[in-house]
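With the hints as constraints, model all of the structure from the sequences given.
Residue numbers (this note's numbering), protein chains in the order written: chain A, 356 to 566; chain B, 35 to 937.
Quick caveat, the hints were computed from the structure, so don't treat them as lab data.
No experiment lies behind these values; they were computed from the predicted model shown.
Where is the CB? At the ideal position from N, CA and C, for every residue including glycine.
Among the hints, a few may not be true.
What the hints assert, rightly or not - Pairs of lysine-lysine, BS3-like flavour, derived with a Cα cap of 30 angstroms:
#	chain 1	residue 1	chain 2	residue 2
1	B	347	A	438
2	B	353	A	375
3	B	353	A	438
4	B	594	B	536
5	A	375	B	597
6	A	438	A	375
7	B	594	B	802
8	B	594	B	652
9	B	347	B	536
10	A	438	B	536
Claimed, not checked - Computed footprint of chain A on chain B, listed as stretches where at least three residues anywhere in the stretch have a Cβ under 8 angstroms from a Cβ of chain A:
#	region
11	154-161
12	354-364
13	389-398
14	432-441
15	570-578
16	781-794
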Amino acid sequence: MIPILPLAAALIPAAVADFKADFPGASVAESPAGGRLTHASGFEARGFGDAPEAAARGFIARYGAAFGVGPGQELVVRGSPPKGGVGAVRFERRIEALPVFDADVVVGVDARSSIILVNAADVPLEVEGRHRASRSAAVRAAMAGLETSGAPRAQRGWRASGRTIRPVWRVDSIATRPSGAFRSYVDAETGKVLLRTDLRASKSRGPVPQR
Amino acid sequence: MLAPLFLSLAVAGPAQRFVDVHPASSTIRSGDGRLLVHASGFLAANPGRTPESAARNFLSTHGGAFGVAATQELVLRQAPAPGLVGAVRLERTVAGLPVFGGDVVVGVDAQSRVFLVNTREVAQTPSGRHALGEAAAVGSVLSSLPADARGTLPVAVAAGWRSVLGSLRAVYRVDLIVEQPSGSWRVFVDAETGSAVFRESLRYSLAERGNVYSVSPAETSDSLCPLSGKGHTLCASPVNVTIPNLVTGADLRGTQATVSNCNGADFPNRPGAACNSVPALTGNNFNYAADSPLFTSTTDNFSAVMAYFHLDKHVSFFKTLDPTLPGGTLFAVNGSLPAFVNVRSGGQSFENAFYDGIIDAMVFGQGAHADYAYDATVMYHELTHGVVQAWGGFDLTIDALGSVFEGAGLNEGTADSMAVSETGRSALGAFLGATETPPVPSFRDMNDPDATRSCQGNGSQVSQFGVSNAINGLNGEEHSDGEIWNGFYWEIFQGLRAAGVKGCGGSCDAGPEIQYKALQLAAGPAAPTFNTYWQTFKAAAAALFPQQPFVAEYVGCVAKRRKMDSCDRTVPVYAGETKLQLVRLRYSPFQTVIPATAATGVIVCSNGGAPSLFYARKDQPVKLGTPDPTTGDATVMADLGPLAVQKCSSVVTPFTLRSAGNWQVLLDLPGAFTGPGPGQELYLLAASASGIASRPAASAPSTCSAGPLAVIAPSTSVPPRGRLALSAAGGSNTGFSWSFTANRSGGSIDSTGAYTAGPTGSVTDTVKVIDSANGSATRDITVTAGVSISPASPSVGPKGTLTLTVSGGSGSGFTWSLTTNASGGSIVATSGVYTAGPAAGVTDVVGVTDSLGNTATANVSVRSTGGGCASGDARGPAFAAVLAAILLRRRRPRSASSGDAHP
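Given below as structure tokens:
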């Protein structure tokens with residue numbers, strides 16, 4: 356378990372209040388679990404930097420706690436618009452050099468590199484568990500009930516689960532029965548499948564149960 | 035210790051000197067680091083009246099930094115006119131021969147100041163001689179081709195120089211076309227030795243011709259084919275088009291799309307896998323014949339050409355909207371997203387198409403009656419899924435309120451939105467619809483009534499999953515939920531287009547530019563919701579159109595009118611209503627809210643009978659806590675449950691909600707991730723007809739406009755005391771306040787725009803609205819004539835009869851009366867038929883009132899002479915009354931024509 360300073364968690368409500376006080380006209384969406392912001396728009400924050408990435412980093416350094424960016428999380432830039440462009444500065448969160456899956460922080464900038472938007476996954480601060488399950492064990496858990504034709508891909512990382520961040524294996528596999536491209540997150544400590552989604556997006560309505 | 039610094043300055047090369055002079059410039063150095071191949075971010079004012087002289091003066095100072103040597107002469111190839119921004123292109127020559135690929139491009143601004151240099155690293159010392167001769171050089175190239183090469187045709191030979199690994203060698207440049215294997219090649223041959231020093235394909239980004247449908251067999255680029263019954267006819271014929279951006283032209287590998295033909299095989303299941311390449315036909319074209327009218331071939335290459343052309347087109351469409359490329363390794367927009375056509379599944383027809391996020395490719399099925407690659411709208415849709423994934427994806431998750439599944443619907447809605455933005459028409463899949471049994475107009479339509487609904491629905495009963503009486507709103511099926519976004523987007527697209535708002539600096543519609551930017555801003559973090567996505571869309575509009583703030587205001591207005599701001603992952607279910615919910619990610623994608631007014635019951639049952647649990651909580655959401663990492667089960671905060679959900683049947687026992695309150699219901703499918711495949715279950719919730727509040731009446735929707743502020747009136751005229759519900763649209767679309775600039779009728783108007791005319795008729799009032807941005811608009815309202823009686827001053831003998839008529843006012847609901855009855859007469863209240871009394875030489879006063887309370891009066895003189903008849907008429911009152919009745923039955927206009935009266 357990675358210890359989180361109690362002070363850090365306690366700072367989040369204050370950080371949210373701070374953001375709202377500085378940008379009273381902003382539209383925000385809050386995490387259903389309470390506390391963190393997952394979206395903010397309708398505001399303009401200037402003066403954090405001349406270039407999009409620098410401005411986004413400056414803004415996150417100031418207000419990141421409101422969006423659940425906590426100590427122990429490293430932000431690695433994944434994309435940024437050119438200077439003068441309107442677009443998204445995309446950060447991947449990492450913990451101990453491993454990615455936190457589905458937890459990007461997107462900071463929207465306008466042509467003057469003012470911050471106009473933040474979209475952030477709801478990621479708690481507390482990290483719990485260790486990477487103990489082997490790749491093969493994770494793959495076995497992920498493939499249970501699936502008939503597959505190819506070797507699955509598995510990647511270690513972290514994922515939010517309830518009020519903690521858990522160590523996980525992300526396992527991608529193509530199944531022939533039932534047909535689909537399945538992404539499973541397997542708890543890397545317990546081997547339990549936490550979530551499974553189908554990455555196939557089709558043109559029509561998918562298989563629908565008949566009444 | 036200053037000596038080393040002086041020394042370094044003294045020996046600094048020309049590249050470093052340029053950097054020292056222009057420290058703020060951005061530069062890129064050559065591979066060996068000695069020279070610059072690019073510089074920008076500086077501004078050098080150079081003496082020179084023309085762009086060319088400015089560029090030459092600049093290079094006389096700094097040319098060495100860019101490898102311009104004394105042995106090289108610079109020959110002007112291109113320059114902008116004085117006063118224009120542009121490129122001065124200079125070709126390097128050595129001993130009168132060109133240095134191939136060695137041009138120096140100098141950017142100048144309108145004041146002929148240099149702001150950019152682009153060039154290539156060119157070795158400075160020439161070596162070798164042009165000893166071979168052109169004919170020998172061509173022979174050398176031809177002998178280097180494969181033995182089976184056919185149809186070689188050298189088209190150009192030129193002597194010159196080329197920089198090769200630090201050496202500027204004498205070369206011949208030979209261009210030739212080879213028929214088999216197909217290609218256009220440029221080969222540089224060493225002019226002394228005859229060896230090929232470099233070869234490149236000139237077909238990179240070159241184009242061939244090919245046959246495709248411009249959209250589909252049921253749709254041309256101009257319009258949909260006519261309907262026949264419910265499906266569109268197949269009126270379109272293939273057209274011959276340029277097939278752009280091919281890598282070699284030999285097959286359908288391109289720089290933006292790559293298509294292979296599976297010839298009826300199952301689709302590939304591994305990243306990087308491919309089916310069969312599709313070769314160009316003799317003559318270097320892709321003029322394959324369409325598989326019409328059956329569309330059942332599993333091997334036709336027309337299908338592949340169709341896919342290539344339209345996928346490439348859609349990539350270009352995205353790049354027009356925004357040339358910024360997503361990072362990462364996924365191919366869509368970044369490169370050449372693979373596509374497979376003529377695909378089957380398990381050896382059977384495959385009636386679908388999809389983008390697969392793991393193999394990062396698109397699959398287009400060969401169905402029993404249709405080839406899914408024959409409909410461009412399907413391909414635009416699937417490619418957009420790939421683009422969403424390349425930007426980070428709309429990943430799904432589970433949070434404290436249940437599964438966060440709206441991202442799946444938003445992914446579908448975004449894919450539909452980008453597809454219709456290509457065609458400018460609301461229908462998707464007209465061809466596929468036409469081949470269904472029975473035919474349908476499309477597989478989705480942005481104008482579909484389902485696309486008008488909000489997340490929470492309005493109680494309209496619709497058919498879903500084969501159930502005909504379910505209420506609308508979210509249901510957990512992504513394509514269906516995506517229609518909520520479709521309706522929102524299509525209104526924005528059309529509204530901005532109608533208002534003449536253009537994106538991309540005037541070269542594209544505003545709608546897709548905003549949508550693409552919203553996609554970029556939303557993808558990555560897990561699980562966008564309708565509420566965050568529309569606000570992201572609005573923020574994108576504000577950033578892209580900073581000089582036109584009404585664009586973002588319009589977006590916000592449409593979103594709120596469609597209740598996007600109420601999308602909170604709940605759907606209310608009122609008395610007697612039935613709601614369906616598909617659960618895919620273990621927990622409900624939305625919580626149903628039941629407004630119980632007393633203890634009551636709800637039926638909740640599952641379609642398939644999968645083990646499921648029911649939870650309910652009064653006046654707040656059911657909340658999930660942290661899942662146990664060993665069992666995967668989350669703690670659940672609820673007032674009721676867990677209770678087992680029964681399979682739907684005629685004997686399902688209702689769950690009891692114990693008291694009045696807003697009960698929120700969450701369903702749990704515990705086996706969703708542990709059973710065979712992704713678990714899913716369809717649930718039905720039927721609310722009791724008693725003990726639950728009835729659905730409240732809907733409020734009138736507001737109006738939104740992307741244009742200037744305007745007053746919207748249901749009518750331009752109104753009678754005195756009449757009412758009009760005025761509304762405003764456009765401008766900021768919000769914060770309206772109402773007033774008069776002219777109030778001649780004595781009317782009134784309230785804060786909602788409800789206008790009531792005053793009692794004075796035949797005048798014009800002018801109302802004014804001001805929006806939150808202090809913009810204003812006015813509108814004239816004509817107040818029509820007030821009530822009047824005809825004849826205005828009639829006379830009649832004692833006991834004589836006349837029929838009075840009325841006009842003006844509301845035109846209805848008239849009531850007659852005698853306000854003064856000196857003669858002892860009478861009047862029919864509904865018809866205005868007046869009969870004087872016996873007293874003569876007096877004046878009666880007749881009054882009439884309309885439905886709005888407008889009144890008029892007329893004096894009737896009862897003459898002192900004559901008998902029982904009105905003057906000038908021999909007929910008696912009984913006849914007049916009968917005639918009047920007949921006239922009224924015939925609904926003729928009222929008149930004073932009974933003949934009894936003398937006006």
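Against the structure, the hints:
no.: 1; hint: B:347 with A:438; in the structure: holds (28 angstroms)
no.: 2; hint: B:353 with A:375; in the structure: violated (36 angstroms)
no.: 3; hint: B:353 with A:438; in the structure: holds (18 angstroms)
no.: 4; hint: B:594 with B:536; in the structure: holds (23 angstroms)
no.: 5; hint: A:375 with B:597; in the structure: holds (24 angstroms)
no.: 6; hint: A:438 with A:375; in the structure: holds (28 angstroms)
no.: 7; hint: B:594 with B:802; in the structure: holds (24 angstroms)
no.: 8; hint: B:594 with B:652; in the structure: holds (28 angstroms)
no.: 9; hint: B:347 with B:536; in the structure: holds (20 angstroms)
no.: 10; hint: A:438 with B:536; in the structure: holds (23 angstroms)
no.: 11; hint: 154-161; in the structure: violated (count 0)
no.: 12; hint: 354-364; in the structure: holds (count 5)
no.: 13; hint: 389-398; in the structure: holds (count 5)
no.: 14; hint: 432-441; in the structure: holds (count 4)
no.: 15; hint: 570-578; in the structure: holds (count 7)
no.: 16; hint: 781-794; in the structure: violated (count 0)
Hints 2, 11 and 16 from the list above are not met by this structure, while the remaining hints are.
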